[in-house]
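Could you build all of it, start to finish, from the sequences and the hints given here?
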Amino acid sequence: MKKVCTKLFILFAAFALTAMPAAASANAVTNAKEPVPGAPGQQLQASSLDLAPSARSAVLMDADSGTVIFEKDSNVKLPPASITKVMTMLLIMEALDDGKIKLTDKVPTSEYAASMGGSQIFLEPGEEMSVDEMLRGIALASGNDASVAMAEKLAGTEQQFVAMMNEKAQQLGLQNTHFANCNGLPAADHYTSAHDIAVMSRELLKHSEITKYTGMYQDYLRKSSEKPFWLVNTNKLVRFYSGADGLKTGFTNEAKFCLTATAKRDNLRVIAVVMGEPNTKTRNAEVSQMLDYTFAQYTTHPIFKEGDTMGTVKIEKGAVRELPLVAKHPYSILLKKGAATQDIRYELQINQPLKAPVAIGQSIGKLVVYQGDQIVKEFPVDAPQSIDKAGWWKLLKRSFSGLF
Numbered sequence: 001m002k003k004v005c006t007k008l009f010i011l012f013a014a015f016a017l018t019a020m021p022a023a024a025s026a027n028a029v030t031n032a033k034e035p036v037p038g039a040p041g042q043q044l045q046a047s048s049l050d051l052a053p054s055a056r057s058a059v060l061m062d063a064d065s066g067t068v069i070f071e072k073d074s075n076v077k078l079p080p081a082s083i084t085k086v087m088t089m090l091l092i093m094e095a096l097d098d099g100k101i102k103l104t105d106k107v108p109t110s111e112y113a114a115s116m117g118g119s120q121i122f123l124e125p126g127e128e129m130s131v132d133e134m135l136r137g138i139a140l141a142s143g144n145d146a147s148v149a150m151a152e153k154l155a156g157t158e159q160q161f162v163a164m165m166n167e168k169a170q171q172l173g174l175q176n177t178h179f180a181n182c183n184g185l186p187a188a189d190h191y192t193s194a195h196d197i198a199v200m201s202r203e204l205l206k207h208s209e210i211t212k213y214t215g216m217y218q219d220y221l222r223k224s225s226e227k228p229f230w231l232v233n234t235n236k237l238v239r240f241y242s243g244a245d246g247l248k249t250g251f252t253n254e255a256k257f258c259l260t261a262t263a264k265r266d267n268l269r270v271i272a273v274v275m276g277e278p279n280t281k282t283r284n285a286e287v288s289q290m291l292d293y294t295f296a297q298y299t300t301h302p303i304f305k306e307g308d309t310m311g312t313v314k315i316e317k318g319a320v321r322e323l324p325l326v327a328k329h330p331y332s333i334l335l336k337k338g339a340a341t342q343d344i345r346y347e348l349q350i351n352q353p354l355k356a357p358v359a360i361g362q363s364i365g366k367l368v369v370y371q372g373d374q375i376v377k378e379f380p381v382d383a384p385q386s387i388d389k390a391g392w393w394k395l396l397k398r399s400f401s402g403l404f
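Taking the working numbering, the leading residue of the sequence shown gets 1, the next gets one more, and so forth.
Calculated directly from the structure, the hints in this document are not laboratory data.
Derived BS3-like pairs: lysine-lysine, alpha-carbon spacing no greater than 27 Å straight-line:
1. 206 <-> 236
2. 206 <-> 314
3. 389 <-> 314
4. 355 <-> 397
5. 206 <-> 366
6. 328 <-> 314
7. 336 <-> 206
8. 305 <-> 337
Here are the computed distance ranges between Cβ atoms for each label pair:
9. 348 <-> 242: 32 to 38 Å
10. 361 <-> 105: 19 to 25 Å
11. 225 <-> 75: 44 to 50 Å
As the structure is a prediction and not an experimental result, all values here were calculated from the model.
Don't be surprised by glycine CBs; every beta carbon is placed ideally from N, CA and C.
Written as structure tokens, this is what we have:
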């Protein structure tokens, strides 16, 4: 009897050991399929297809709502190469919006900026170009020298500009990003993730004029000089993919081939990020597949178009009493094609009381979108301009005017 029991135990143990790998494998497949954030009337489902099989990391995002449609190891820290320049261009666009610089301002080239290797527009020490020209050099030719020249223009030194980049990354909640330079040349402690790239790309696209640069296929610098320089966009999708108008390529031996691409058809703008692709052909094909999938499957429901009046905000003790809010970019929610849209409404919820001084970009509330009583999306609302505190004389006059 004892021998029989021993044999049965051995057979059971052997069966259990052979079954364990199969169970572990099944769990790995299940955990790889993550749900995409929801939308009115239904839960959007990520495709079981791997839309970027050759990529080390990837993410597909709706630019307006920030909804993730597909992701693959999207939070892994990886070297971004020249996709770093998305953050560089974002800080340039913010400086333009804030009036700190103008497109016509001249930007000098230091010895250090001119010494950058890799992709460049071959700036000479002491050479000056306008902000507009430098932006074209960064967006089309991925100029490392132009990036450093602009960093020095805005912050005095590249080191101080990099501190601004990391501060902006923190403001955007990028948990897997740290910059060591402004151009993406290989450096220790310089990394980001596909998800974080999509977030900073989305932020850059809020400055709609950036696609005038990133969507351009070719141009010239120094056109009227003896040494004209022909610019050709490193992102070939802007020429060959319908609706593509950005954003940035990247390559180093360490990072392999990377791309954050954006395309717009009708009212739907999509961001597709791939990192660690083996070559440009595969990179472009897989990004095109990601974009094709989105345009075939999804649509948007608009809340505000760019330029629409969103409301008015009262500012306590401000140099102005009220601040009009105008949509600087589109606000919409992502839906599967054919999804119900009834009972979708929104509320503008402003932090109260809102007291001066108010800084440009300061969080002042949120736009909440509902379907019925269910919250389906919340958008942060920031101050579109700075409001100083009113002087004592202005406040006194207001007090007296309220008495009569």
